[in-house]
Structure formats: structure tokens, C-alpha cells
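There are 2 protein chains.
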Amino acid sequence: MIPSSIEESVIYPIANPRSIAFFGASNNFTAMGTGIMGSILSFGYKGTLYPIHPREETVQGIQAFKQVSDLDNTPDLAFIVLPTKIVCQTLEACGQKGIRHAIIVSAGFNEVGGDGKALQNKLTAIADKYGIRFLGPNCIGVVNSHLNLNATFLPYDASKGFIGMASQSGSFITQMFSYLARLGIGFSTGFSVGNEASVDIVDCMEYLGACPHTKVIALYIESIRRGRAFIEAARAIIPHKPIVAFYVGGSEEGGKAGLSHTGALAGPDPLYNGVFRQSGIIRARSIEEMFDFCYALGASPPAPGNRVIIQTHSGGPGAVAADACGRNGIKLPSLSPDTLDKLKPFVPHTGSVANPVDLTFTKNPLDFFQTIPGILLADENTDGLLVYFLASTGMIQVALKGMGVPEDQVEEQANTLITQQAHAMANLQKNSPKPIIGYSFLTRNDSMLIQALQDADMVILPSPERAARAMWALTEYKQLREKIHRAG
Amino acid sequence: MIPSSIEESVIYPIANPRSIAFFGASNNFTAMGTGIMGSILSFGYKGTLYPIHPREETVQGIQAFKQVSDLDNTPDLAFIVLPTKIVCQTLEACGQKGIRHAIIVSAGFNEVGGDGKALQNKLTAIADKYGIRFLGPNCIGVVNSHLNLNATFLPYDASKGFIGMASQSGSFITQMFSYLARLGIGFSTGFSVGNEASVDIVDCMEYLGACPHTKVIALYIESIRRGRAFIEAARAIIPHKPIVAFYVGGSEEGGKAGLSHTGALAGPDPLYNGVFRQSGIIRARSIEEMFDFCYALGASPPAPGNRVIIQTHSGGPGAVAADACGRNGIKLPSLSPDTLDKLKPFVPHTGSVANPVDLTFTKNPLDFFQTIPGILLADENTDGLLVYFLASTGMIQVALKGMGVPEDQVEEQANTLITQQAHAMANLQKNSPKPIIGYSFLTRNDSMLIQALQDADMVILPSPERAARAMWALTEYKQLREKIHRAG
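Chains A and B, in that order, give the protein sequences.
First residue of the first sequence: 10, per this note's numbering; consecutive thereafter.
First residue of the second sequence: 10, per this note's numbering; consecutive thereafter.
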């Protein structure tokens with residue numbers, strides 16, 4: 010059930026602990042637990058950490074305790090990165106101490122079969138006895154960027170973002186930090202669910218559905234264990250926020266790989282497509298696409314319909330976007346007579362006012378970011394814009410030098426100009442119910458313009474195909490939401 | 010016809026001019042011609058530049074000439090970036106001077122219809138009179154990185170690469186410089202063919218087929234004008250080097266956009282698929298995929314068959330690669346008993362020797378780059394490897410610190426270690442007829458390891474799906490080449 014407020018979620022303390030008993034960190038820097046505790050410290054966690062260590066007085070400069078029973082207080086959360094064979098006794102000790110939430114990173118349970126299965130049964134029996142809910146085992150931890158909590162072994166270098174994620178592979182939490190940073194986006198909260206012995210992907214979805222920092226939910230799925238609960242949770246969330254899933258088990262090869270990864274029993278594509286359709290969830294075709302969709306769905310309004318105008322300075326990237334739109338059910342309407350009239354003063358003789366609108370160049374650069382997209386967005390026959398950007402920082406600086414700006418003022422004036430352009434376009438988006446998706450072969454690392462646009466909350470994707478697919482996701486969400494709304 | 014040596018190509022002087030008469034550059038830095046001449050100078054062109062300018066004594070510090078007839082010598086090439094209305098008279102003057110090759114960037118010809126068509130006819134009549142072959146009009150120039158010639162308006166920041174390209178959109182030459190640089194690859198020679206009034210995409214293919222720096226050919230196509238010649242040229246090239254095409258006109262929307270971009274008359278997908286199949290050309294689904302395929306085809310041997318082993322440290326990225334292989338006709342065989350025996354000492358109890366081979370971790374990091382992939386490549390049931398990399402520079406440095414390496418030696422030791430790993434793997438590839446394709450969510454900008462691997466000529470792509478698709482292209486090329494060989 011979706012909690013009415015996030016604090017009521019049964020897993021709230023797992024993502025928002027005020028204090029953590031940490032098992033498995035030491036002063037040996039090759040140990041995984043040490044690395045995770047290091048991540049927690051370096052990201053600036055504001056709560057209290059209690060390292061539990063049988064011999065050390067301090068761990069990474071923090072007072073350590075021989076055993077959890079030595080603590081004066083009862084921590085909100087136990088974080089366990091210990092050898093498999095002592096995990097059960099540790100959870101037992103935590104239960105006796107009154108701890109009711111845990112994250113168990115240790116592996117060697119259901120996923121290895123045989124004795125591992127018995128061990129996992131023992132673990133859940135202990136949890137049941139004490140009423141403990143835990144993430145894992147065989148997971149990689151949790152990140153809650155808005156709380157400065159990064160309980161994983163990789164440094165969090167993305168922004169405090171709006172993508173809430175629950176993943177049946179920890180890699181798609183931690184190994185996406187740098188990836189998301191390169192798009193200027195980030196996680197709100199990310200859960201690595203591991204073997205789902207206690208907390209599963211449905212619990213995490215429900216939490217993320219109520220999370221105020223989460224605008225869109227990403228799911229990496231190898232197998233859904235509670236089908237009915239999954240569908241019900243999704244249908245309760247979709248009217249408020251979109252969900253995007255990447256499902257890996259649909260092909261024979263993907264299904265087998267999932268089985269040996271987390272012991273997941275996958276189902277064929279048609280079965281899962283049915284589940285996603287019934288749930289109102291958008292299925293992505295790749296990991297990249299999952300995050301592209303999340304980016305667009307979190308930052309842009311859903312598209313009112315499937316008619317799009319493409320605005321470009323370059324014919325080829327315009328044509329490729331048009332082709333990609335065509336292949337994804339997006340229509341390119343002709344411009345209305347009124348739009349053509351208003352556009353006339355801004356289009357040079359080399360330009361084209363077919364759709365794509367290929368301006369080739371604009372005399373006043375700001376027109377490309379404000380007046381022209383403003384005119385196009387207002388066209389009654391369009392539901393959204395795709396806009397191509399090509400200006401690198403170097404090109405803008407060269408242009409300014411050419412216009413006679415003194416060498417020592419070029420950088421500052423380029424900054425001012427770019428910021429002005431980015432804000433003009435972001436304002437258009439803020440005041441329009443129609444989405445604007447930008448695309449460029451440049452990235453925020455090559456181009457101050459791309460960086461400025463992304464930092465002003467514009468969606469800029471790295472290719473025409475990916476932009477067209479993201480626009481498709483915005484049309485799809487509108488329809489899925491309405492379908493669920495009609496079904497009541 | 011494919012020239013037997015590149016010097017015999019009819020367009021050789023267009024990509025290899027010893028001297029250039031440049032029309033349209035000045036000391037006004039907002040002019041496009043000025044920008045292009047600036048690119049030529051800053052990339053270090055070794056030939057002679059003769060700026061032709063009616064008033065200036067020098068252009069960008071180089072002695073200028075009032076008219077081309079004033080030159081003592083006859084340049085190999087005329088480069089023309091002038092207002093439309095004076096292009097014909099300029100080409101006439103070049104013809105009179107004895108110049109036999111030209112690049113015409115100026116637009117306003119066939120692509121604008123009406124008078125533009127008449128003007129283009131006039132242009133070709135002048136060229137025919139003097140026996141001039143020219144690239145354009147309405148093109149963006151040429152780049153020949155191995156000659157340090159960048160006659161386009163964007164700076165060339167990619168490597169001196171092996172991708173030869175002919176493009177019906179200049180954007181996919183110039184705007185890909187930074188894009189290719191981010192993958193550590195680059196163009197050998199890139200032609201923007203524009204309206205193809207004289208030199209067309211077939212001429213460029215033939216040149217690239219003979220070019221010793223070009224290992225693979227990329228084509229961006231909105232329309233093929235000489236169908237039979239195109240197929241014949243491709244079939245002559247495929248036995249020696251692969252060709253990858255992105256065709257944009259196959260959807261209704263893409264076809265319309267191409268028409269307004271360069272006046273191209275596109276054909277439906279099935280027609281073009283037939284042409285590509287007959288030609289032995291691999292069709293890519295996106296611009297990114299075209300360059301991914303070129304990267305893999307240029308740097309790796311073609312795959313002997315479609316059976317692949319996936320080597321990983323992380324379950325999720327392994328499972329996703331397995332799924333992507335399954336969706337692209339790539340089989341994941343079980344490891345042979347012999348391989349399992351040899352692998353045993355290197356796999357911890359948390360690992361899996363199913364395929365994907367998920368090592369989870371390796372005690373000696375070098376094993377992951379040398380011994381283990383060596384064992385897997387030697388398996389008689391596999392035709393290639395997909396390998397996942399996750400180590401960022403930061404992680405390696407942390408690990409070294411943990412192992413007690415003094416702070417001031419960490420960076421140097423990390424470099425040494427990474428270089429050793431990259432070279433070990435590159436050596437495996439050099440001595441094997443089976444391809445190794447790497448993938449990672451990190452890029453050469455985030456990770457010294459990715460950079461070192463790419464710089465050692467290993468193929469590392471940014472996602473499991475893209476790596477699996479590239480592996481598919483390697484199996485496809487093998488088959489296409491054999492089919493053409495059998496047909497004689």
C-alpha cells in the first residue's frame with residue numbers, strides 16, 4: 010500500500026536512518042565495509058555512526074564498540090557487511106538490542122543455492138522473530154542524496170536528483186553515479202534490493218511513490234516475485250508519477266543470466282509486457298533508455314499529444330530526428346499559416362519552414378532560444394518541440410572575438426550570453442504545458458551551453474534518436490495515466 | 010571503379026591538395042570562410058594557402074591575391090565560400106587558371122529549387138568545360154586528419170583515426186569531431202558531399218576504398234543517385250574493408266526531411282535494405298550505432314561465428330549484455346570442461362562460471378585482463394568475448410592506498426598498473442583472430458583504465474546493448490564478406 014506520507018513507510022528508516030550501527034568496517038582499506046563506511050563519511054551524512062568492531066578502539070577516526078549491546082542508544086539501522094557465516098548471529102544481536110531495520114550487503118545466501126538457501130531461511134526467521142525489515146542480503150546498499158547518505162562503496166558524484174530507483178542489480182545504482190552526473194541528473198533515493206528476502210522491489214516502489222524528492226521511478230527487474238502487489242502498487246502511483254522499467258529476463262539468454270545472478274525466475278517477454286501494460290509502466294529497451302525516459306519524465310510535462318515540431322540549425326540532425334520520430338509514432342505537422350507569418354522575419358533565405366524548421370542560422374542568437382521556439386510552441390497543431398543545439402563554448406567565444414569583444418572579456422561575455430540563452434529557453438518550458446526536448450552531440454563537458462541548459466532544468470539528450478524516444482515516452486505516459494484514471 | 014592506388018583517384022587532390030586557392034576568407038572573424046581558413050591554419054596544414062581577396066593585402070597573416078589569375082603557380086584545389094551569385098564566375102576564373110579540383114561550400118543551388126537549379130546547371134557546365142571535379146555545392150568541406158588538413162569550420166579535436174566517411178550532411182562530419190574524440194577514435198578522411206553536383210558519394214567511397222589510412226567506411230545517406238555504380242563500388246570494397254551506412258529516408262518523415270534538406274528523393278526502407286544487402290553494406294539504426302560499428306569493425310577482427318562469452322565482475326551488467334546478445338542473434342555457449350578446469354583457480358565461491366562468467370572479484374587484478382580472458386578466448390566453443398569494466402581511476406587509487414602505497418606514489422603506481430592491464434589485454438587481442446569488445450558505463454574522461462584500453466586499440470563501448478550490437482556487426486561483416494566472395 011502506498012503510505013500517505015513517506016514517514017509511514019515500513020522501510021523509511023532504511024533510507025532515512027538517524028543513526029547506524031555499522032558492522033564490517035575497519036581501518037583496513039581493502040575491505041568492502043571500510044569502503045562503504047568511507048562513502049558515508051565523505052558524502053557528509055549528518056546522523057550518528059556506531060562502528061561495531063571486536064578489536065579496534067576507533068574505526069576511520071570514529072569511536073568503535075565491541076558489540077552492539079554496548080551501545081547506550083538503539084540505532085535506527087544496522088548495516089551489515091560481514092562474512093556470511095556470522096551474519097545470522099549479528100542480526101540476532103541487533104534484534105535483541107531492539108534494532109528493527111537492517112541492510113545486509115553480505116552475499117552467500119539464496120543466490121549460491123544449496124546451504125545458502127537454508128541460511129537465508131534462518132536469516133528471515135530471525136528477522137520475523139524481532140519484527141526486523143531488511144534490505145538484501147547480497148545487495149549493495151542504499152543512497153539517499155537529499156539526506157547526504159551514500160551507503161554504497163562508490164563515491165556519489167551525481168546531483169541531488171529526482172530519479173527514485175529500485176534495482177535487482179546493485180550495479181545499476183552505484184555504477185550509474187558517474188553516468189547520471191554526465192547528464193547533469195541524479196538519484197533521489199536508490200535501493201539495491203539484492204535477494205529480496207525481506208524488503209522487495211514492491212516495498213521500495215511504494216516508498217518512492219510517497220517520496221517528495223522523487224518525480225519518477227526507475228526499476229531494474231530480473232524477476233517480479235509478488236505480481237499482484239506489484240501491479241496494484243504501480244497503478245496507485247502512476248496517476249501521480251511515472252514509472253519506467255528495464256526488464257532483462259525476456260530473452261532466453263537474459264533469463265538464464267538473471268537466474269545465475271540472483272536466483273530470479275524470469276518470465277517471457279509477452280508475460281512481462283502484459284504486467285507492465287496493466288501496471289501503466291513504460292518499458293525501456295536499454296539501461297540508457299531507462300534513464301533517458303526518467304530524465305524527460307521528471308523534468309518535462311507529459312506531451313498532450315503526438316505532434317511535434319523539430320527546430321534546428323543543421324539539416325542532417327533535423328532529418329535524423331524526423332526519421333526517428335516517424336519510427337516512433339510521432340507526427341510532424343505542417344506549420345499553421347499563423348505560425349508561418351510570425352516566423353517569417355526570423356528565417357533566412359537558406360532556411361526551411363517545413364517541419365523540421367531548419368533555420369541554418371539566426372541573426373540574433375537569442376531568437377533561437379526564445380522568440381522562435383516561443384512561436385513554434387504556440388502553434389495549435391503541435392504538442393511539443395525537439396530542438397537541436399550545436400554551439401560549443403569555443404564557437405561562441407570565436408564569434409564574440411569576431412564581433413570585436415576584447416580578448417580579456419570574451420570568457421565572461423560568453424558566460425553571460427549562454428546563461429541568458431539557457432534561462433530564456435527554460436522560462437519558455439516553465440510557462441508551457443508542452444514539452445521541449447533538446448538534443449546535441451555535445452555534452453555538458455564540451456559545451457557550456459549544454460551545461461547551462463541542463464542546469465536550468467532543460468532536458469538535453471545526446472542524440473536525435475534518444476530525444477525522439479524520450480518524446481515518445483512523454484506521449485506514452487499521458488496515455489497510460491489517462492487509461493488508469495478511466496479505469497478508476 | 011576502385012583506383013588501384015589512392016593517388017589515381019579522380020578526387021585525390023580534393024583530399025590531398027599540395028596547394029589551395031581560398032576564396033571567401035578575410036580578416037572579419039564572423040565570416041564562415043574566415044572560420045574555415047582558421048581551421049586549416051590551426052590544424053597545421055603543410056601545403057600552401059593562397060587567400061584570394063579583392064581588397065586585403067594579407068588574410069589572417071598570409072599574403073593575399075586580388076584574383077586567382079595573379080598567382081604564379083596553379084594550385085591543386087580551389088576552396089570557395091562566396092556569396093551564391095559570384096560562385097560561377099569564380100569557378101570560371103579557376104578553370105581558366107588551370108585549376109582542376111574544387112570544393113564549393115556556398116549554398117543556394119539545387120536545394121533551394123527554382124533559380125537555384127538553373128544556377129547549379131550553369132556551375133556543372135563550367136566544370137565540364139574545364140574538366141573540373143568539385144565537391145558540393147552546399148557542402149561543409151573536407152577533413153583529412155593524416156594530412157593535418159581540416160577544411161571545415163569546426164576545430165578537429167579527434168584522433169588521426171581509421172574511419173573514412175562520406176556524408177550527405179556536413180553535420181555528421183564536423184559535429185562528430187568531439188563525439189569521436191570522446192570514444193578515443195577519429196576520421197581518416199571525411200567528405201561532406203553536399204548537393205553532389207560533380208563528386209558524389211560513390212566517388213568518395215571509391216577513394217576511401219583505396220585509402221591506406223581508412224579501415225572502415227561510414228556513409229550517411231539521404232538518397233542514392235547512382236544505384237548501380239553504388240552497388241558495384243561497395244561490392245569491390247567489401248572484401249577488403251567493411252562499409253556501414255545510416256539511411257535516413259526510409260520513414261515518411263525522414264524522407265520528407267531529406268527532400269527539404271538537400272533535395273534528395275528518398276526511397277522506402279525495403280528498397281534501400283535491398284540495395285544494402287546486395288552491396289554487402291551493414292545498415293546501422295542510428296548515428297551512434299554507425300560509429301560504434303565503425304569503431305569495432307576498424308579495431309577488431311571480424312567474428313568467426315556468433316558464439317560469445319561474457320566476462321564480468323558485476324551480475325547486472327552481465328545479465329543485460331546476455332539479454333542484448335539474445336535479442337541480436339548472438340549465442341552464449343556453456344564453457345567447455347577444459348575451460349572450466351583452467352578457470353577454477355581464478356573464480357571465488359561467490360562467482361559463477363555459467364555464461365556470463367561473473368567473477369565478482371579477482372584476487373590478482375591482472376588476471377582479469379590477461380589469464381582469464383586468455384582462457385576464455387581459447388575455448389573452442391566461442392567466437393569472441395564481451396568484457397565489462399567498472400574500475401574508475403578513483404577506485405584503483407583507493408585500493409592502492411589501502412594496500413599501503415604511500416600517498417605520493419599512488420598516482421604513479423596507479424598509472425603503471427593500469428597501463429600494464431591495458432597492454433596485457435590489447436596483446437591478447439593482437440594475437441587472437443577472435444574479437445574482444447569491452448563495455449563500461451564509465452568513459453575515458455572518468456576512467457584512466459578506459460582511456461588506457463582505448464589508447465591500446467581496444468574497443469570499449471559505453472553500454473552493454475551497444476557492445477552486443479557491435480559484436481553483431483562483427484559477425485555480420487564476416488558473413489557479408491563471404492557471401493560476396495562466393496558470388497565472385
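Don't read these hints as lab results, they were simulated from the structure.
Careful: at least some of the hints might be erroneous.
[What the hints assert, rightly or not] Okay, the calculated beta carbon distance ranges per label pair:
| hint | chain 1 | residue 1 | chain 2 | residue 2 | range |
| --- | --- | --- | --- | --- | --- |
| 1 | B | P92 | A | P415 | 27 to 35 Å |
| 2 | A | N390 | B | R235 | 36 to 44 Å |
| 3 | B | G283 | A | R286 | 30 to 38 Å |
[Stated by the list, open to error] Covered stretches of chain B (in silico footprint by chain A; criterion: 3 or more residues with CB under 8 Å from a CB of chain A, positions within the stretch not fixed):
| hint | segment |
| --- | --- |
| 4 | 28-39 |
| 5 | 50-64 |
| 6 | 108-121 |
| 7 | 126-135 |
| 8 | 289-298 |
| 9 | 382-396 |
| 10 | 425-439 |
[Unchecked claim] Only part of the chain B face toward chain A is listed, based on derived beta-carbon distances under 10 Å:
| hint | residue |
| --- | --- |
| 11 | T67 |
| 12 | K265 |
| 13 | R336 |
| 14 | T359 |
C-beta atoms are modelled at their ideal positions from N, C-alpha and C, and glycine is treated no differently.
We went through each hint and held it up to the structure:
Remark: the range hint 27 to 35 Å for P92 of chain B to P415 of chain A is upheld by a beta-carbon distance near 30 Å. At about 38 Å, the beta-carbon gap between N390 of chain A and R235 of chain B stays in the expected band of 36 to 44 Å. Distance hint check for G283 of chain B and R286 of chain A: the Cβ-Cβ separation is about 35 Å, which falls inside the suggested range of 30 to 38 Å. Counting residues of the segment 28-39 of chain B whose CB falls under 8 Å from any CB of chain A gives 3; the rule of at least 3 is met.
Closer than 8 Å: that is the beta-carbon criterion, and the segment 50-64 of chain B has 0 residues meeting it against chain A, so the requirement of 3 is violated. For the segment 108-121 of chain B, the assignment as covered by chain A holds, since 3 residues bring a beta-carbon within under 8 Å of that chain's beta-carbons and 3 suffice. Counting residues of the segment 126-135 of chain B whose CB falls under 8 Å from any CB of chain A gives 0; the rule of at least 3 is not met. Only residues whose beta carbon comes within less than 8 Å of a beta carbon in chain A count, and the segment 289-298 of chain B has 4; three or more means the coverage holds.
Counting residues of the segment 382-396 of chain B whose CB falls under 8 Å from any CB of chain A gives 0; the rule of at least 3 is not met. Counting residues of the segment 425-439 of chain B whose CB lies closer than 8 Å to any CB of chain A gives 0, so the stated coverage by that chain is violated, three being the minimum. Interface restraint check for T67 of chain B: the shortest CB-CB distance to chain A comes to about 17 Å, outside 10 Å, so the restraint is violated. Hint on K265 of chain B holds. Least Cβ distance to chain A is approximately 7 Å, under the 10 Å limit.
A cut of 10 Å between beta carbons decides the hint on R336 of chain B: the least distance to chain A is about 5 Å, and the hint holds. About 5 Å separates the beta-carbon of T359 of chain B from the nearest beta-carbon of chain A, less than 10 Å, and the hint is met.
Going down the numbered hints, you'll see the structure goes against 5, 7, 9, 10, 11, while the others check out.
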